[in-house]
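Fit chain B to the supplied structure of chain A, relying on the hints for placement.
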Amino acid sequence: MSALAGKRVQQWLTLSRGWWLFDAKWQDPYLSAKIISKYLIGCHKPIYTKSKNGDFGDHVIVINSADIALKADDWYYRVYFHHSGYPGSATWTKAWEVHRKNPTMIINRAVYGELGVNLTRRPTMERLHIFKDDNIPQILSENITDQIRPLRPVPRRLDSYTQEEQNAFPKLFDYPKDYVLPEPKPRVPRQPDVNRQKGKTRNKIF
Amino acid sequence: MLNKYHLWLEFANVGIRITRYNVTLGLLGHTGIRRIHNHVRPTLYALRYRKEIEKRKNPIPKPPSHRNTFLEWNYNAELFAFGKRLNEEFDSNLLRQAFVEKSYAVKERLRQEELNLNVETLSLKDNESMSQEGMTILKSNLNAILAREFPRLPESGIHAIQGYLTSDSVLSNFSSQIGTKDLIQCNEIPPTEETLSRVFCGVISAIQNSSGRKRVKTFIEDFVLTHLCDKDINEIWDVQKPWAMLTDILSSKGETIEPRLLRQAGKNTLLSVFIVGLYTSEKKLIGTGTGETVEIAQEMAARDALSIIHGTRYPRPTFKFLIERQNTSAISTAKETTQLKLRN
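Quick mapping for you: the protein sequence lines, in order, are chains A and B.
If you read the first sequence in our numbering, its first letter stands for residue 1, the second for the next number, and so on.
If you read the second sequence in our numbering, its first letter stands for residue 1, the second for the next number, and so on.
Bound-form chain A, shown alone (with noise of 0.2 Å):
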C-alpha cells in the first residue's frame, strides 16, 4: 500500500457499481420497467454522462416476478410477438401463456424495450437479475447494497392476519354467541379445458 492509494480508493468508491433489489410483488412491471432501467444506465448518479462506450449502472436484481400484476386484461390481451425467421412462423402468444412457460420473462420485456435501442442494451441486460420468488442464489444477495422503493404498496392480504392479531383488533361489534355462521363454499380445482384448441393458435387480437 503506498501513499499514492488515497485518490486510487477515492475513484473506486466513486465508480463503484452497486446492487439494488427490487420487489415486483403485485407491480405494474412496464412502470416498475421506467423505474429498474434508470438503475440499470446509471441515471441516479451524478458521475453519469451520455456515453457510448461509458457504462455507470448498477446491478438490479428482481424477486416475485411471478406475483406481478399487469394492468386490466393485459393478461388476455397484451401478446407478445416472436418471430423465428422462417416463413409463416410469425407467433403472437398473450400474456398469461408467455407468464406461464417463464415467470421471469414479462418484466424482462418490458426492461428490454426501455432501456432505449442502442448496443449497450444487451450488455446492459446481463445486469438485470430476475427471479419468479424471493430465492435468491446467496452468492448474489450477498452482494446486495439497498432496495429499490415499490411503486405501489403491497396492502396485506385479510387470510395472513393470524388469530392473535385478529384478537387484537379493535372490533366494534361481533355476531351474536348464538349466531350460527354459514359453511363455507367448497373450493373446487380448476379443471383443464379439454376443448381448448392445441398446436398453432391464430389468436391475432391487434
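Don't read these hints as lab results, they were simulated from the structure.
Ideal placement from N, C-alpha and C gives every residue a C-beta, glycine not left out.
Among the hints, erroneous ones may be present.
Claimed, not checked - PhoX-like mimics (lysine-lysine), calculated; alpha carbons at most 20 Å apart, straight line: (1) K132(A) with K25(A); (2) K214(B) with K7(A); (3) K241(B) with K7(A); (4) K84(B) with K231(B); (5) K84(B) with K214(B); (6) K231(B) with K320(B).
What the hints assert, rightly or not - One side of the interface only, derived from the structure: several residues of chain A facing chain B at Cβ under 7 Å: (7) S89; (8) E142; (9) F173.
As the list claims (entries may be wrong) - One-sided and incomplete, this derived list gives chain A residues near chain B with beta-carbon spacing under 10 Å: (10) G18; (11) F56; (12) H59.
Same frame as chain A, now just chain B:
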C-alpha cells in the same frame, strides 16, 4: 424582444417555442453551438506542410543556443532586473557568483591560462560553497516553518516534506520559474536539474548575505512553501505501517481501536467495495477508509485517522503565514487599499 434573427413558432397545446435562425445561412448557421471550426483543419495541414519543408531543408536539427547569442543581451542589466523582479536588494558580486557553475569556472580558467591572462584577477568564483550554504539555510528555515504550519506532524513527516521541497526536481522547477535559466553560466544548454537547484540555493545564500535572515525567511515562504498549496501531504509522506502507528498513538492515551464494516457493495464480484470505520472504546468514529478488500479498507481507514490526528487531511486549510501577513498588512495599510501584499 423580437429582432430579425428570431422567429416565433407557436405550437398548439405545447406553448410558445423560440427558435433562432441565422437569416443568411439558415439552419446551417448553427448559432450558439460550440464546436471545432471549419478553418482549424486546413490551418493544421498548412503548418504541417511547412514543418516538413523545413525538415527537408535542415535534416540535422540545430542544437539549442543560449539566449546570449541572440540580440539585445546585457548581462548586467539582466542581473539587475532579476533582483528587481524578486523585489530583493542583492550584493551584485554575490549574485554574480551564484550563477557560475564550477565546471564552467574551471573551463574559463583553462581558457584564460591558454591566452596567458592574469588568472588571479580574472578568475570566476563558482557557486559551490554558496549553494551548500544556501541548502543548509533552506533546510533549517523549512524545519522551523513546517513545524509552525503543521504543529501536529511528527518528525518523520516534517523530514519527508522537507526532503521533497529540497529535492533537485522541485528546486530546479522553482529556479527556472524565477528566470535563472538564461543567467546561469554553465557548459550545458539547457542547464541540468542539479545545476538549476544549485543556483537556487546560491540565490538563497546571496539573499541572506545581502539582506539578512528575516528576508530569507519571507523568500522561502513565498517561493518554496507555497508549492505545497495544492499538494496532498499524505502523498509526499509515505507512512510505513499506518495501523501500527495509529495503535501506538492511541494506546499511549489508553484507547483501543475497533474496526467495523460500515458498507459494502458487490462482495462476491471483482468490483467489490468495502467501507471500514475505526471506532474508539467510547464508540467515536475516528476514520473511514475504502478498499477493494476489507484489509485494504482497514488500512486506508488507519491512514485517514492518522491524517486527522496529524492535521494533514486533504484539502488543507490556508497557510498560517498568509493569514499573518494579511493581518499585518491590514493593520499597516488601514488608511490605504486593503489589497493583499505578499512582499513588503
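Please flag the earlier hints that this structure goes against, numbers listed from lowest up. Of the numbered hints, 2, 4, 7, 9 and 11 do not hold.
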